[in-house]
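**Student:** Sequence:
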Amino acid sequence: MEDFLFEDAARWAYYGMQCFIGFLVICIIFFIFSTYHYYSFMSLANFDEFVVGIAISDIMIQLGFLIAIAIIDVSLAWLSKVKVVDPLRRKELPKHIRAWCLALSILGLFFGMMIGLVIMGYAEEKIKMLLNWKQKFDIGR
283 MEDFLFEDAA RWAYYGMQCF IGFLVICIIF FIFSTYHYYS FMSLANFDEF VVGIAISDIM
343 IQLGFLIAIA IIDVSLAWLS KVKVVDPLRR KELPKHIRAW CLALSILGLF FGMMIGLVIM
403 GYAEEKIKML LNWKQKFDIG R
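The letter at position 72 of the sequence shown is residue 354 when you use the working numbering, and the numbering goes up by one with no holes.
Derived from the structure by calculation, the hints contain no laboratory data.
Heads up, some of the hints might be wrong.
[Claimed, not checked] Derived lysine-lysine pairs resembling DSSO-like cross-links, with alpha carbons at most 27 Å apart:
{"id": "1", "residue 1": "K363", "residue 2": "K416"}
{"id": "2", "residue 1": "K373", "residue 2": "K410"}
{"id": "3", "residue 1": "K410", "residue 2": "K365"}
{"id": "4", "residue 1": "K408", "residue 2": "K365"}
{"id": "5", "residue 1": "K373", "residue 2": "K408"}
{"id": "6", "residue 1": "K377", "residue 2": "K416"}
{"id": "7", "residue 1": "K377", "residue 2": "K410"}
{"id": "8", "residue 1": "K373", "residue 2": "K416"}
{"id": "9", "residue 1": "K408", "residue 2": "K418"}
{"id": "10", "residue 1": "K377", "residue 2": "K365"}
{"id": "11", "residue 1": "K365", "residue 2": "K416"}
{"id": "12", "residue 1": "K408", "residue 2": "K363"}
{"id": "13", "residue 1": "K363", "residue 2": "K377"}
{"id": "14", "residue 1": "K365", "residue 2": "K418"}
{"id": "15", "residue 1": "K377", "residue 2": "K418"}
{"id": "16", "residue 1": "K363", "residue 2": "K410"}
{"id": "17", "residue 1": "K418", "residue 2": "K373"}
{"id": "18", "residue 1": "K373", "residue 2": "K363"}
{"id": "19", "residue 1": "K377", "residue 2": "K408"}
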């Protein structure tokens with residue numbers, strides 16, 4: 283039973299980590315399509331340099347937003363792996379693993395990654411179940 287609980291919690295934490303990366307991929311796809319439409323629209327019309335400069339600055343703002351989202355998503359995925367997934371795969375329960383899982387799900391909510399919130403919240407419930415099991419049967423002595 284103990285091995286199953288560790289594997290189940292690790293699997294759901296890993297799914298949460300993948301959701302953070304998936305959100306980044308979706309943002310990149312939206313950026314590519316919006317940039318493509320921007321440039322295709324500009325090529326069909328006869329713009330002067332002022333309007334083209336504004337369009338390029340809009341793309342730079344979008345690119346800056348995409349880079350910020352990428353840094354946040356990669357950081358959340360890395361923290362999920364280091365603080366939650368790896369200890370569970372080694373069948374360890376660090377002192378603050380549940381707090382890390384809750385913090386990562388709240389950060390996912392704050393940055394708009396709703397599916398990551400749901401999955402990491404479910405992983406936190408699995409970790410809570412594992413901690414209750416450990417306390418009940420005193421596993422790991």
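**Student:** Hint by hint, note whether the structure agrees.
**Tutor:** Structure-based check of each hint:
1. Only pairs whose Cα atoms come within 27 Å are accepted, and K363 paired with K416 is accepted, the gap being roughly 22 Å.
2. A C-alpha spacing of about 14 Å is found between K373 and K410, which places the hinted pair at or below 27 Å, so the restraint holds.
3. In summary, the hint linking K410 to K365 is supported, as the alpha carbons are separated by about 15 Å, within the 27 Å threshold.
4. Our distance criterion of 27 Å between C-alpha atoms is met by K408 and K365, whose separation comes to about 15 Å.
5. Only pairs whose Cα atoms come within 27 Å are accepted, and K373 paired with K408 is accepted, the gap being roughly 13 Å.
6. For the hint pairing K377 with K416, the CA-to-CA distance comes to about 13 Å; that is within 27 Å, so the pair holds.
7. A hinted pair counts as satisfied when its Cα atoms are at most 27 Å apart, and K377 with K410 qualifies at roughly 12 Å.
8. Of the supplied pair hints, the one linking K373 and K416 holds, its CA atoms being roughly 12 Å apart against a limit of 27 Å.
9. Under the criterion of a C-alpha separation no larger than 27 Å, the hint pairing K408 with K418 is consistent with the structure, at around 15 Å.
10. With a C-alpha separation of about 11 Å, the suggested pair K377 and K365 falls inside the 27 Å cut-off, and the hint holds.
11. As the CA atoms of K365 and K416 are separated by approximately 19 Å, the hinted pair is consistent with the 27 Å bound.
12. Note on K408 and K363: the hinted pairing holds, with a Cα-Cα distance of about 16 Å set against a maximum of 27 Å.
13. Pair hint K363 plus K377 holds up; C-alpha atoms about 16 Å apart against a cutoff of 27 Å.
14. Of the pairs offered as hints, the one joining K365 and K418 holds, with about 24 Å between alpha carbons and a cut-off of 27 Å not exceeded.
15. Distance check on the hinted pair: K377 and K418 sit about 17 Å apart at the alpha-carbon level, within 27 Å; holds.
16. Between K363 and K410 the CA atoms are separated by roughly 18 Å; this keeps the pair inside 27 Å, and the hint holds.
17. Pair hint K418 plus K373 holds up; C-alpha atoms about 17 Å apart against a cutoff of 27 Å.
18. In summary, the hint linking K373 to K363 is supported, as the alpha carbons are separated by about 14 Å, within the 27 Å threshold.
19. The suggested pairing of K377 with K408 holds, with an alpha-carbon distance near 16 Å, which does not exceed 27 Å.
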